[in-house]
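Colleague: What follows is the residue order along each chain.
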Amino acid sequence: GENVEQHPSTLSVQEGDSAVIKCTYSDSASNYFPWYKQELGKRPQLIIDIRSNVGEKKDQRIAVTLNKTAKHFSLHITETQPEDSAVYFCAPGGTSYGKLTFGQGTILTVHP
Amino acid sequence: EAEVAQSPRYKITEKSQAVAFWCDPISGHATLYWYRQILGQGPELLVQFQDESVVDDSQLPKDRFSAERLKGVDSTLKIQPAELGDSAMYLCASSSRGFRTEAFFGQGTRLTVV
Chain A
1 GENVEQHPST
11 LSVQEGDSAV
21 IKCTYSDSAS
31 NYFPWYKQEL
41 GKRPQLIIDI
51 RSNVGEKKDQ
61 RIAVTLNKTA
71 KHFSLHITET
81 QPEDSAVYFC
91 APGGTSYGKL
101 TFGQGTILTV
111 HP
Chain B
113 EAEVAQSPRY
123 KITEKSQAVA
133 FWCDPISGHA
143 TLYWYRQILG
153 QGPELLVQFQ
163 DESVVDDSQL
173 PKDRFSAERL
183 KGVDSTLKIQ
193 PAELGDSAMY
203 LCASSSRGFR
213 TEAFFGQGTR
223 LTVV
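Read top to bottom, the protein sequences are chains A and B.
For the first sequence, my numbering begins at 1 and goes up steadily by one.
For the second sequence, my numbering begins at 113 and goes up steadily by one.
Just chain A, same shape as in the assembly (with noise of 0.2 Å):
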């Protein structure tokens, strides 16, 4: 199955700064590379999402850039802003009827 790990567990920035989390996968195979956002005690969201045949997407404050020859991919945000407080999960997958395997999650914390 596939094996995902982000990096860091937590990150801690001042507001207005910029934040990266990177997530490392196995399968090769995997084609759809989503970003979950969940804030605490709600459902995970998708914030934004990549397939395999690009290498960057961009919306607004957020991008995702993918690298599948070293099977990781990377969520930015800029411009940070105490709402961008959350864990978020990374959730490669695509194949397999669209199964999705979540890593275990990075806590950021903006402040103000």
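These are computed hints drawn from the structure, not numbers from a lab.
From the three backbone atoms N, C-alpha and C, an ideal C-beta is built for every residue, glycine too.
Careful, some of the hints might be misleading.
Just so you have them, the derived chain A footprint on chain B, three or more residues with Cβ under 8 Å [unchecked claim]:
1. 147-161
2. 165-177
3. 180-187
Dock chain B against chain A, hints included.
Modeller: Same frame as chain A, but now just chain B:
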């Protein structure tokens, strides 16, 4: 806006008792997932349905857990007997066809086994 519905939101049960969770996916979504999330960890897939068929249950503890989606719409996850280690959040999610598409999560059922 369409949402995945789950019930109950909270459940407290004694160990060795049976417990069941219900999920109603977004209308038209063929793929339904049940995940278990232990506090501080990422969601772990228990079972995945494509329409009414199970396509992945490799991580489902089949000696005590069962899941069904009889008409390919709503689904039930059952635990019998419950153990203390089953205390967790049980999340249901659905997607339109599974392949490379967004999974929408329900609010989850918080299970506490005492």
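Colleague: Against each hint, give a clear statement of whether it holds in the structure.
Modeller: Okay, the hints, checked on the actual structure:
1. Remark: the region 147-161 of chain B is confirmed as covered by chain A, as 8 of its residues place a Cβ nearer than 8 Å to a Cβ of that chain, reaching the required three.
2. Residue count for the region 165-177 of chain B with a Cβ under 8 Å from a Cβ of chain A: 3. That meets the three needed, and the coverage hint holds.
3. Only residues whose C-beta sits within less than 8 Å of a C-beta in chain A count toward coverage, and the region 180-187 of chain B has 0 of them, not enough to reach three; the restraint is violated.
In this structure, only the earlier hint numbered 3 is contradicted, and the remaining ones agree with it.
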